[in-house]
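Chemist: Just so you know, the sequences run in chain order C and G. Mapping to the working numbering: the first sequence position 90 is 418, numbers consecutive. Mapping to the working numbering: the second sequence position 222 is 550, numbers consecutive.
Copies of one chain are not kept apart here, so a pair can be met inside one copy or by any two copies together.
Cut-off 30 Å, straight-line C-alpha distance, at most; resulting in silico cross-link-like pairs (DSS-like, lysine-lysine):
| # | residue 1 | residue 2 |
| --- | --- | --- |
| 1 | Lys474 | Lys342 |
| 2 | Lys443 | Lys475 |
| 3 | Lys443 | Lys346 |
| 4 | Lys342 | Lys475 |
| 5 | Lys342 | Lys450 |
| 6 | Lys478 | Lys346 |
| 7 | Lys475 | Lys450 |
| 8 | Lys474 | Lys450 |
| 9 | Lys346 | Lys475 |
| 10 | Lys443 | Lys478 |
| 11 | Lys478 | Lys450 |
| 12 | Lys346 | Lys334 |
| 13 | Lys346 | Lys450 |
| 14 | Lys474 | Lys532 |
| 15 | Lys342 | Lys478 |
| 16 | Lys532 | Lys475 |
| 17 | Lys346 | Lys474 |
| 18 | Lys334 | Lys443 |
I should point out that these hints are in silico values taken from the structure, not numbers from a laboratory.
There are 2 protein chains.
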Amino acid sequence: MSSDFKPTARSRVKRLHKRAHYDRDTIYAILDAGFICHVGYAIDGQPYVTPTAYWREGDHVYWHGSAASRMLRHLEQGADCCLTVTHLDALVLARSGFHHSLDYRSAMIFGRAHKVTDAGEKLAKMENFVNRIAPGRWADLRPVNKKELKATTLLGMEITEASAKVRAAGVIDDDEDYALPIWAGVVPVRMVAGAARDDGRLAKGTRRPQNIDSFAHLGLAPK
Amino acid sequence: MSSDFKPTARSRVKRLHKRAHYDRDTIYAILDAGFICHVGYAIDGQPYVTPTAYWREGDHVYWHGSAASRMLRHLEQGADCCLTVTHLDALVLARSGFHHSLDYRSAMIFGRAHKVTDAGEKLAKMENFVNRIAPGRWADLRPVNKKELKATTLLGMEITEASAKVRAAGVIDDDEDYALPIWAGVVPVRMVAGAARDDGRLAKGTRRPQNIDSFAHLGLAPK
Numbered sequence: 329m330s331s332d333f334k335p336t337a338r339s340r341v342k343r344l345h346k347r348a349h350y351d352r353d354t355i356y357a358i359l360d361a362g363f364i365c366h367v368g369y370a371i372d373g374q375p376y377v378t379p380t381a382y383w384r385e386g387d388h389v390y391w392h393g394s395a396a397s398r399m400l401r402h403l404e405q406g407a408d409c410c411l412t413v414t415h416l417d418a419l420v421l422a423r424s425g426f427h428h429s430l431d432y433r434s435a436m437i438f439g440r441a442h443k444v445t446d447a448g449e450k451l452a453k454m455e456n457f458v459n460r461i462a463p464g465r466w467a468d469l470r471p472v473n474k475k476e477l478k479a480t481t482l483l484g485m486e487i488t489e490a491s492a493k494v495r496a497a498g499v500i501d502d503d504e505d506y507a508l509p510i511w512a513g514v515v516p517v518r519m520v521a522g523a524a525r526d527d528g529r530l531a532k533g534t535r536r537p538q539n540i541d542s543f544a545h546l547g548l549a550p551k
Numbered sequence: 329m330s331s332d333f334k335p336t337a338r339s340r341v342k343r344l345h346k347r348a349h350y351d352r353d354t355i356y357a358i359l360d361a362g363f364i365c366h367v368g369y370a371i372d373g374q375p376y377v378t379p380t381a382y383w384r385e386g387d388h389v390y391w392h393g394s395a396a397s398r399m400l401r402h403l404e405q406g407a408d409c410c411l412t413v414t415h416l417d418a419l420v421l422a423r424s425g426f427h428h429s430l431d432y433r434s435a436m437i438f439g440r441a442h443k444v445t446d447a448g449e450k451l452a453k454m455e456n457f458v459n460r461i462a463p464g465r466w467a468d469l470r471p472v473n474k475k476e477l478k479a480t481t482l483l484g485m486e487i488t489e490a491s492a493k494v495r496a497a498g499v500i501d502d503d504e505d506y507a508l509p510i511w512a513g514v515v516p517v518r519m520v521a522g523a524a525r526d527d528g529r530l531a532k533g534t535r536r537p538q539n540i541d542s543f544a545h546l547g548l549a550p551k
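Start from the sequences, fold in the hints, and give me the full structure.
Modeler: Structure, rendered in structure tokens:
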């Protein structure tokens, strides 16, 4: 399998080709750094953009929710979908207003979702979702029951048509503006996890697992 | 003017009504806490979700970009649009896999954009965009010129149909699960700004303005 996606009419980055990436490594790294994606779909021509938790497994991306969700019910029928993940990396303060910008990484996937219906497969995917949020956590949990599995719709989409757009250039000013006595630079931005907080209703003697504490030291959305 | 938006067929939150908000204060606070929105539109039925910088002024939201942008060229014609802003606030680790979740705040606006063509209005909006990124910065910059203004397409959309969805509940487990000796809690997540970095080509003697330094102490995406 090629490690690059072939740009298509819809996945090809139209503007600023220098920012475009079609290789699996770049696209998957952006996907793997996030927790929330924005899923786009159109119902009777009306576009909707719904934020939802997602995760990647191999060449698929998955998301899930209530079986009653409008978004899931529409997409499980095989409607066209665009799934976008974006990380803000910096505010870019140039010497002119025109060149003010943001450094960011975004990935866009086009395709059609399929519903995962096999109970065993569904359970395995849910395990991966939970372990994506907190590595190793699944083993500690009260097992998922049949009613819960039934109430959950799980969608997967094969990643066959995708592109990334990355701006990491910092300040780019017009040549003649570099001589101006105007400060320019970047303000880096990132997602961080704070210290875990215990639920107020822990059973007596229940201790926080070590792997949860380690969140506090992890930067999220890593490059 | 009412301070609440009337839910419509497309803006009404379909699932988990407890999380739905239609009041201006909640929706505008979510908009004002972000820098990147996800703009949804459909071209020939194909949905696209494009991340872009945005800002709010009164009852309008604005975004801009190159006059050659596919997204802007499509939307300036008055196509239906859905603009979504989302902030992740916490990873929610429950006692069961089923109740693992994310705390978040999101706002969704439905409407049609209009192109701002008046040069004076355009300039005033660009000033607000720059000052949104860095308060007071516009006054320090090399002025925008006619060529730059022409190369920029600025879209505005009146906020008339909007909703917010907020999950801030932390852990919600099934009643019988609270007795289990399983740790549960939340890992708070937030966007932070790091210390500003000078551009490598500052003119000799150029100093960083004080208001830029203060970024380092600001949490972004405040609640």
